[in-house]
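> Here the protein sequences line up with chains A and B, keeping their order. Plus 94 on top of the position in the first sequence (first one is 1) and you've got my numbering. Plus 94 on top of the position in the second sequence (first one is 1) and you've got my numbering.
Hint data in this document are derived by calculation from the structure and do not stem from the laboratory. Treat each hint with caution, since some may be false.
Same chains, same names: a pair is fine if it fits in one copy or spans any two.
Below, a list of computed lysine to aspartate or glutamate pairs in the EDC-like style, where the Cα atoms sit at most 20 Å apart [claimed, not checked]:
#1 K174 / D104
#2 K343 / D153
#3 K350 / E340
#4 K174 / E297
#5 K177 / E340
#6 K145 / D313
#7 K309 / D270
#8 K283 / E297
#9 K309 / E297
#10 K283 / D270
#11 K330 / E216
#12 K350 / E225
#13 K323 / D231
#14 K234 / D97
#15 K234 / D111
#16 K323 / D313
There are 2 protein chains.
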Amino acid sequence: MCDLLRINTDRGVMIGDGKSRFSINGKPIYHFVGTSTFSEYTVMHVGCVAKINPEAPLDKVCVLSCGISTGLGASINVAKPPKGSTVAIFGLGAVGLAAAEGARIAGASRIIGIDLNANRFEEAKKFGCTEFVNPKDHNKPVQEVLAEMTNGGVDRSVECTGNINAMIQAFECVHDGWGVAVLVGVPHKDAEFKTHPMNFLNERTLKGTFFGNYKPRTDLPNVVELYMKKELEVEKFITHSVPFTEINKAFDLMAKGEGIRCIIRMEN
Amino acid sequence: MCDLLRINTDRGVMIGDGKSRFSINGKPIYHFVGTSTFSEYTVMHVGCVAKINPEAPLDKVCVLSCGISTGLGASINVAKPPKGSTVAIFGLGAVGLAAAEGARIAGASRIIGIDLNANRFEEAKKFGCTEFVNPKDHNKPVQEVLAEMTNGGVDRSVECTGNINAMIQAFECVHDGWGVAVLVGVPHKDAEFKTHPMNFLNERTLKGTFFGNYKPRTDLPNVVELYMKKELEVEKFITHSVPFTEINKAFDLMAKGEGIRCIIRMEN
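My request is simple: use the sequences and hints to build the entire structure.
Rendered as structure tokens:
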């Protein structure tokens with residue numbers, strides 16, 4: 095949570111001189127969250143650059159730069175499920191699938207995927223999910239469904255939707271005495287987290303994480319090494335790969351949802 | 095958080111047969127939270143009995159049975175302030191003073207006591223408090239006062255009031271990136287904990303604790319040992335000592351507030 099380089103979507107300029115390094119026909123083009131990687135070359139603050147294994151294929155490991163590392167780290171670094179434990183993952187988009195994969199790597203034995211879209215369940219099995227709950231299939235709160243499935247509550251939960259109700263459910267579904275819930279999704283600016291404080295007094299823990307608690311410069315190279323050592327299969331996170339000229343097709347695929355995860359290729 | 099023996103103020107009877115062991119003139123007298131210690135002899139479930147050092151003076155170590163252990167444990171077992179860190183304690187009653195003492199034992203170097211009653215500040219110095227904030231003295235939220243005093247937030251906070259606003263303040267006053275807030279006070283049954291979820295995403299942790307996470311049977315004897323080894327001065331937690339016949343005087347002293355902590359002596 096570096097004060098100087100903390101993510102700032104409004105800044106759009108370099109910190110040193112408050113200016114942009116890009117232009118088109120004399121008009122400035124602003125920087126996006128300190129990286130601006132939709133170009134062949136870019137200019138970044140040194141603190142935003144991580145040196146990774148030069149053998150790593152860039153068209154694969156580029157997906158480790160944001161959501162996937164966030165989900166992985168949320169499980170591995172923050173939720174830290176003990177071996178043999180039960181983990182609930184709220185939301186099976188790319189971040190949630192990465193959180194499931196992280197829970198699997200950490201040694202969880204039951205990984206319960208929760209999503210309103212049942213089309214995502216089959217593929218989520220590849221990421222370690224062993225069971226599924228679609229809240230639409232139940233006429234009681236998902237916390238109660240999970241409590242029944244797990245004799246009182248899950249050991250860990252990871253919330254990857256950004257929906258405030260899912261955040262509250264993710265907290266309230268963990269077991270008294272040792273349960274830990276981790277919030278990952280970015281909430282609406284007017285969202286309010288509400289719960290009865292007695293839920294805390296029963297010895298539960300609620301944490302949030304940013305970028306999965308990874309420090310990008312020092313930790314991202316090690317996430318790439320997980321791939322190089324074949325402990326993390328990056329390929330399964332990629333459903334489509336389109337050239338830059340078809341970038342709008344990639345956005346269309348994303349907008350259609352259904353768990354599509356896409357790479358934009360820079361090509362000459 | 096034992097399912098069988100979990101505190102239950104409504105039960106009032108023994109678990110084995112659903113009956114009380116006390117009566118007066120043929121009318122049953124019910125058991126209070128599994129102990130009923132306002133009598134010379136009592137009957138308890140074996141799981142509610144802890145064997146302590148037989149050398150320990152019972153008229154002193156009896157104060158370790160509830161609030162004081164809760165406060166100590168909240169700091170030592172749950173907040174776990176690193177050596178040299180800054181801790182905020184919300185509420186300087188007996189539990190809050192014990193939490194301050196626990197923070198001191200754990201190695202915190204700045205312990206900021208927060209209370210609406212400035213009369214409590216002088217005595218709280220004996221329990222390790224180094225600085226004080228009276229929210230009445232400021233026309234901004236106490237979170238902001240603490241952020242200014244500590245360059246962004248305290249490392250740990252412990253809430254010992256049961257007031258829902260203090261709970262929210264205790265969470266919002268911890269530093270991004272590593273801050274941990276611990277809720278100890280028992281809230282009103284209709285209370286609602288509310289905060290913006292972004293406060294979690296900035297890598298803060300919120301935990302609650304019951305009895306300071308001590309397991310009574312196994313851990314209370316060790317708390318008594320802290321006293322026997324003179325690492326914990328129990329005497330300073332006692333302001334008055336009254337015989338059983340004057341028990342109502344003790345309640346009057348408590349109701350008057352001002353941080354009075356009292357022992358009821360059983361005498362023949």
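> For each hint, tell me whether it holds in the structure or not.
Consistency of the hints with the structure:
no. : hint        : verdict
1   : K174 / D104 : neither (33 Å within a copy, 37 Å between copies)
2   : K343 / D153 : within (18 Å within a copy, 77 Å between copies)
3   : K350 / E340 : within (16 Å within a copy, 75 Å between copies)
4   : K174 / E297 : both (17 Å within a copy, 15 Å between copies)
5   : K177 / E340 : neither (44 Å within a copy, 55 Å between copies)
6   : K145 / D313 : within (10 Å within a copy, 48 Å between copies)
7   : K309 / D270 : between (31 Å within a copy, 14 Å between copies)
8   : K283 / E297 : between (29 Å within a copy, 17 Å between copies)
9   : K309 / E297 : between (29 Å within a copy, 12 Å between copies)
10  : K283 / D270 : between (30 Å within a copy, 18 Å between copies)
11  : K330 / E216 : within (13 Å within a copy, 63 Å between copies)
12  : K350 / E225 : neither (25 Å within a copy, 56 Å between copies)
13  : K323 / D231 : neither (40 Å within a copy, 59 Å between copies)
14  : K234 / D97  : neither (43 Å within a copy, 24 Å between copies)
15  : K234 / D111 : neither (55 Å within a copy, 35 Å between copies)
16  : K323 / D313 : within (15 Å within a copy, 44 Å between copies)
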